[in-house]
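Protein chains: 2
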Amino acid sequence: MTIPKAAQAFPRSEYLRRLSAVKSEMERREIEVLVVTVPANITYLSGYTSKSGYVPQALIVSLKDEEPTFITRRMDAPAALHQMFIDRNNVIGYPEALIANPERDGYDAIIDFISDKGLGRKGIGLEAKLLPSLTVEKFRSRVAGARILDCTNAITWIRGEKSDLEIAMMREAAAISDAGMLKAKDVIRPGVREADASAEIIGALVRGANGKPGTDAGSFFLCATPRTSTCHIRWTEDVFQQGSQINLEFTGVRHGYTSPLMRTLSIGKPSDHIRRLHEGEVAGLEAALAAAKTGTTCSDVAAAFNTTLKKHGFEKESRCGYAVGIDWTEPTASLKEGDTTILKPNMTFHLMLGNWIGEDVGYVISETFRVTDAGGEPFTRLPRELFEI
Amino acid sequence: MTIPKAAQAFPRSEYLRRLSAVKSEMERREIEVLVVTVPANITYLSGYTSKSGYVPQALIVSLKDEEPTFITRRMDAPAALHQMFIDRNNVIGYPEALIANPERDGYDAIIDFISDKGLGRKGIGLEAKLLPSLTVEKFRSRVAGARILDCTNAITWIRGEKSDLEIAMMREAAAISDAGMLKAKDVIRPGVREADASAEIIGALVRGANGKPGTDAGSFFLCATPRTSTCHIRWTEDVFQQGSQINLEFTGVRHGYTSPLMRTLSIGKPSDHIRRLHEGEVAGLEAALAAAKTGTTCSDVAAAFNTTLKKHGFEKESRCGYAVGIDWTEPTASLKEGDTTILKPNMTFHLMLGNWIGEDVGYVISETFRVTDAGGEPFTRLPRELFEI
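Sequence order for the protein chains is A and B.
With the numbering used here applied, the first sequence corresponds to residues 1 to 389, in that order.
With the numbering used here applied, the second sequence corresponds to residues 390 to 778, in that order.
Hints are computed from structural coordinates only; laboratory data are not their basis.
There is no bait here: all hints are sound.
EDC-like cross-link-like pairs, simulated, lysine to aspartate or glutamate; straight-line CA separation at most 16 Å:
1) K601(B) / D196(A)
2) K518(B) / E103(A)
3) K129(A) / E492(B)
4) K518(B) / E137(A)
Note that the structure is predicted; figures quoted are calculated from it, not measured.
Construct the complete structure from the given sequences, taking the supplied hints into account.
Okay, structure coming up:
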């Protein structure tokens, strides 16, 4: 019996549109085959979200073929048949003998496929900067004579401009992020363990919102007193106290798409210092959104934020955001002064205003937004409050 | 104000013991500095579990110094000061200017540190096979003249033999895994969405067991009818039906340490085929555990499983397990025929007997165990049942 095709997150026409953009870029770079190994890029071009990327696998995009071919470990092929929009003949499982084998691995199966099909004579694109060095060496030595071109982030730049269908998906993710933050407001109380509150919030992110469940548990950070100067701790075994401050960062996930959100909560009144920092950051957030119009630059948005925050007597060392989409960060454009990327409609950013100062101060607020002609349009519906419990 | 030190998961003496083993290996390989970049290895040598590994960072182990030095993004330094057993002077934050900078990144700060301290003249070890190719090239070009040695998995092999303190930690993780599976038995019912059941199970894994919370949400897979032939799908939006089969794989986590567990559940009577497969797998599991004595090989354990399963009329294509510990898989020893790794006391394995056949059959059972002179001692206390709901 064959495994049924899952309900697809996007229509076939949407995937073909994305592939068409990738193929144009391949032509521009004069390559005829692109070996896609970054999981978020595989999701983008096929709908695949199964977590098999810890072993070698690749989506092979060829100028000769309308659909790409996916090569993965044989035990993961049924998930690809189920989730990917492509024809079942375009999913190839490589044998188990290539797992935990020091001589040959899944990349050999990928190289064999390219060689056997006579692909790549004009040039082979790799996401080389992100591949293990051993793998790049293997391509260089096994595909002798072929021109190997580094295409790291080529697809990621294309992903940067979302379609309306993708924006709708990110709004679904944002509604889940909001539900998670509202749950946090409900369950964070003095005497509650950080872990128990986290269990409730993560549960809310998985259950989802508006009848649409989360499709994954994204990254999750809860950094509470006395750890508010940290930013990437999951949670601890401690119990919240009267006076505790809690910095939260997480996202809902819909078919890979994220919409990260940060808010600070305070059990009791926050200090004057944190209150003033909050006011400066919210003013900066609003200035940044107002600046984030089609045609301006990432640098302009960052300058709007930084100037406003400075007027309130504060500074933020780290960049104030980055491109966001599938699997959270897109390693392309940054909202920082000096980044001259020009904003286009439906580019999406995590305006990440976490501000960690020294070892005892940290305050977080963030919103995920899309670029429009009128400025940045945030996906969250939450108020820009420092939530007092 | 300085951030306080967290309650430590292990005493200082335990970390020094681990570092001593690593330094002996460095002497054997004739290197004087080891650049540790694999997050699980950083956790092993320092107690750090904060999730900052998506930007460059490294724990520098030098033969000259008792404690290692950690170099990370400045905003992540407070988490390192909080979690790591090392002195605060041995945590160095590099500036934000190295983030999203195409010219220089955090590895430049790491290379600068090694050069400035005059380290590595004898040789520098890198976990090179896992580093991006760009990074390895950077070390080669910037530390001209230095002998750069690939030390991929050098620490992972040392991690393979656990101390009694680590075994105790894995037992805590196993108790959480058990709690998660018992929760699954409670919440999986006809008419329940896969996502809602997953929310409850993941919540249980975060809440923990015996007063010890989970310290992270580990990887989680729920592959239910009609997807039982898949193995790495999180969950879907579907609703369980009478007759659904559910294959579960997840782990509790304690301070990085995992103890993965798999069981199959059936709503109503399973088919005769699945029932017979279950009986064969359980017999194989018991044969493998009996074989897993100090002094035998991984291959012997796999042969015991495979022979027994074959007597029951089944075969399993994939290896029947792998070394396990911090962050789940240790990419070293595999329980497969031909792997001649000799079992030593307190080596720990995930005896992973997931068996996916074609596109419509999948059955899973697994236990995490430690090697003893008397055979494999499993950490789970769950019965070896195909749970019928």
